[in-house]
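From first to last, the protein sequence lines stand for chains A and B.
In short: position in the first sequence from 1, add 25, done, that's the numbering used here.
In short: position in the second sequence from 1, add 25, done, that's the numbering used here.
Keep in mind that the hints were calculated from the coordinates and are not lab data.
Just so it is clear, the structure is predicted and the values come from calculations on it, not from any experiment.
A hint or two may mislead.
Identical copies go unnamed one by one, so any copy, or any two together, can satisfy a pair.
[Claimed, not checked] In silico lysine-lysine, DSS-like type, Cα no more than 27 Å apart, as pairs:
no.: 1; residue 1: 409; residue 2: 42
no.: 2; residue 1: 200; residue 2: 212
no.: 3; residue 1: 71; residue 2: 212
no.: 4; residue 1: 212; residue 2: 409
no.: 5; residue 1: 172; residue 2: 42
no.: 6; residue 1: 133; residue 2: 200
no.: 7; residue 1: 172; residue 2: 212
no.: 8; residue 1: 133; residue 2: 409
no.: 9; residue 1: 200; residue 2: 409
no.: 10; residue 1: 71; residue 2: 172
no.: 11; residue 1: 42; residue 2: 133
no.: 12; residue 1: 71; residue 2: 133
no.: 13; residue 1: 200; residue 2: 172
no.: 14; residue 1: 200; residue 2: 42
no.: 15; residue 1: 42; residue 2: 212
no.: 16; residue 1: 71; residue 2: 42
no.: 17; residue 1: 172; residue 2: 133
no.: 18; residue 1: 409; residue 2: 172
There are 2 protein chains.
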Amino acid sequence: MQIEVDYRFPTGVNAEKQAQVIALGQTVGTWDASFAYREASFLAHKAEVVNIENRTDGSALATVRFPVANVEGDIASLLTMIFGKYSMAGPAKVTAIRLPSGYGQRPKFGITGVRSLLNTPSRPLVMAIYKPALGLSAADHAQILSKVAGAGLDIIKDDEILGNLHSAPTLERLKACRPVIEDMQQKNGRSLLYAVNVTGKASQLLAQARQLVAAGANALLLNVLSYGFSVLEALVADPEISVPIFAHPALAGAWCGAPDHGFSYSALLGTLFAHAGADAVLYPSHYGSLPFEAAEEFRIRDALRSRNVFPVPSAGIHPGVVPRAIADYGQDVILNAGTGIMDHPDGPAEGVRAFFEALEHAEPGQSFELAQIPAGALRRALEKWGTP
Amino acid sequence: MQIEVDYRFPTGVNAEKQAQVIALGQTVGTWDASFAYREASFLAHKAEVVNIENRTDGSALATVRFPVANVEGDIASLLTMIFGKYSMAGPAKVTAIRLPSGYGQRPKFGITGVRSLLNTPSRPLVMAIYKPALGLSAADHAQILSKVAGAGLDIIKDDEILGNLHSAPTLERLKACRPVIEDMQQKNGRSLLYAVNVTGKASQLLAQARQLVAAGANALLLNVLSYGFSVLEALVADPEISVPIFAHPALAGAWCGAPDHGFSYSALLGTLFAHAGADAVLYPSHYGSLPFEAAEEFRIRDALRSRNVFPVPSAGIHPGVVPRAIADYGQDVILNAGTGIMDHPDGPAEGVRAFFEALEHAEPGQSFELAQIPAGALRRALEKWGTP
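Please model the complete structure; the sequences and the hints are all you need to start from.
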């Protein structure tokens with residue numbers, strides 16, 4: 026199988042012509058008589074336009090098929106080929122990328138592996154984010170963790186903007202939080218994953234990741250688009266990184282937010298993040314205030330799950346969203362809440378409990394009507410945030 | 026000095042409100058009474074809105090000032106802070122980023138260092154790109170190089186889409202080309218830089234770069250946005266990478282091409298590439314067919330030169346452009362041509378000679394009128410490509 030890419034061109038662009046420019050310009054380029062003896066070699070690298078679909082809204086969708094031999098089986102060389110120079114040529118949006126199933130990497134853990142680590146075979150997982158994002162000490166992190174861990178939280182992550190800062194160095198955060206995780210493991214026979222944010226220049230980041238894992242980190246968080254796909258791929262390929270990697274979508278709006286430029290969110294956060302080998306991918310949900318369509322969210326969900334990658338809809342997630350999330354996702358989903366847990370009126374532990382109560386009340390035959398919810402964490406959450 | 030970022034919001038967006046969302050949401054986030062004792066710490070991390078400029082076209086420019094203590098002195102953590110999550114919140118474009126001069130890295134070579142390596146203190150440098158991009162063997166590369174090197178070329182680079190492919194592995198290309206470079210060095214007492222494209226997963230890429238330099242590579246090429254800023258920064262910081270790094274803008278249109286999303290080209294390819302430590306930065310010129318404004322190109326030029334980084338306007342560069350390029354750039358510029366050299370009617374060597382003739386004819390007191398140009402390489406180039 027080859028690589029197929031759909032490009033959408035807005036009204037007024039000659040899609041057929043532009044697709045041909047891509048097929049030639051993004052592969053071999055032109056050659057002349059002096060290289061005529063190499064023609065077979067050039068043709069083996071040339072892409073071809075396989076479809077042009079003119080749409081009723083005036084836009085057009087062109088499908089270009091590229092030889093796998095042009096790239097290195099990774100995402101970075103793929104990006105350069107399919108959109109490197111051409112991205113600067115005028116309006117065009119990459120709406121879908123179809124890769125051979127063997128292209129790229131598989132997650133080392135993914136849905137099944139993360140479930141196995143947490144000894145939780147089937148229900149949705151509940152994930153929190155340390156808040157406030159900046160200004161907490163390492164000890165503050167441990168204090169927050171002890172509250173939410175006691176309430177049964179599955180996963181917690183650093184805020185993506187919290188790097189290796191003087192006010193709370195990464196290794197110190199981990200060291201402060203490890204005893205809480207170990208304590209919970211002893212009490213409940215069950216782990217809690219803390220996805221520690223790995224940062225820095227690529228060489229430092231890879232060394233830091235190994236150091237963190239050696240010091241007991243049981244999950245990592247990476248801002249893939251800030252640091253680079255090649256960094257995610259190196260982490261996935263590294264045998265010392267024996268923990269799941271949570272991929273954060275920071276900066277994705279700069280790549281995907283525009284109507285006629287860049288990538289669709291599903292091509293980037295779905296297809297490419299999955300083929301890079303992330304174990305779980307965070308992305309904006311349509312439950313909150315972000316301008317995000319349900320259909321696009323579900324394309325991400327399906328692209329991830331097709332490769333055993335855990336979907337992690339984020340932003341706007343609070344206990345009141347749970348029934349809709351279950352309807353949309355079923356069980357294989359990580360419900361990731363920042364303020365939706367930390368800002369519960371009765372504190373973070375009650376925020377976690379509200380999610381687990383919500384999971385019970387979202388089951389078939391149960392009611393999610395406020396009047397039917399007994400006094401407690403969920404009721405308090407619904408009184409604050411309502412249901413979407 | 027702190028970090029200042031200008032965000033442009035289109036008509037209809039409440040810029041004041043959104044700027045406040047950025048200042049709080051992209052830094053500390055919210056905190057409540059339970060962390061009141063840490064208020065001073067939170068305030069030390071919070072950004073502030075320092076200006077709102079409402080423009081006559083209905084758009085607004087908001088300036089937000091961020092504490093340097095929030096980031097790690099690199100580009101990746103900066104990107105996450107200034108636009109990570111917020112990029113997904115709706116239309117907004119980062120039009121300018123003002124960093125403390127000590128922020129990030131300085132080029133190891135830059136304009137002065139590259140000139141010194143080439144023993145060419147003052148004139149514009151002439152750079153070529155191997156073409157066709159894919160399908161040539163390593164021996165073909167050496168054959169092309171011997172033609173252009175004999176004509177006095179200063180720099181040549183791989184096409185950015187040519188990675189470490191089976192048809193011409195990177196190390197083989199270098200090994201085939203090294204003898205040509207050494208031969209020229211012996212004949213002319215002067216080097217020629219070959220910027221070899223480094224690719225792969227981050228760990229492999231860094232190892233490959235060291236291996237290439239050890240094997241005699243005297244320059245490297247990196248697709249910064251495909252592989253990640255953290256990879257560029259690691260290369261710059263690596264003492265074994267004792268050669269200039271040419272930064273390619275592949276994918277920049279996905280970050281910068283949209284009117285109301287992403288980044289301005291000058292913020293990304295000017296400010297951020299320069300502070301990451303690139304020695305020379307390629308970017309689209311306004312001389313060719315790419316939709317690129319002169320004013321934006323000159324902002325890139327100035328951002329690069331302010332840190333001794335060589336500007337490399339590319340695309341649409343041919344000998345006929347030289348007088349305009351000299352008027353726009355003066356001497357500190359690298360004129361980078363792909364087809365503008367390789368597709369000269371009389372071959373690549375004549376393509377190089379046409380550039381050097383053009384540099385002579387572009388000097389004060391000389392004429393660039395076709396009628397005044399004697400028969401030869403330049404005249405043939407002007408007959409093919411004209412002047413812009």
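Structure-based check of each hint:
no. : hint         : result
1   : 409 with 42  : between (55 Å within a copy, 23 Å between copies)
2   : 200 with 212 : within (19 Å within a copy, 61 Å between copies)
3   : 71 with 212  : neither (60 Å within a copy, 38 Å between copies)
4   : 212 with 409 : neither (32 Å within a copy, 80 Å between copies)
5   : 172 with 42  : neither (60 Å within a copy, 34 Å between copies)
6   : 133 with 200 : within (25 Å within a copy, 37 Å between copies)
7   : 172 with 212 : within (14 Å within a copy, 74 Å between copies)
8   : 133 with 409 : neither (39 Å within a copy, 55 Å between copies)
9   : 200 with 409 : neither (34 Å within a copy, 67 Å between copies)
10  : 71 with 172  : between (58 Å within a copy, 26 Å between copies)
11  : 42 with 133  : neither (42 Å within a copy, 42 Å between copies)
12  : 71 with 133  : neither (34 Å within a copy, 37 Å between copies)
13  : 200 with 172 : within (17 Å within a copy, 60 Å between copies)
14  : 200 with 42  : neither (58 Å within a copy, 39 Å between copies)
15  : 42 with 212  : neither (65 Å within a copy, 47 Å between copies)
16  : 71 with 42   : within (16 Å within a copy, 49 Å between copies)
17  : 172 with 133 : neither (30 Å within a copy, 49 Å between copies)
18  : 409 with 172 : within (20 Å within a copy, 74 Å between copies)
When the structure is compared with the earlier hints, violations turn up for hints 3, 4, 5, 8, 9, 11, 12, 14, 15 and 17 and for no others.
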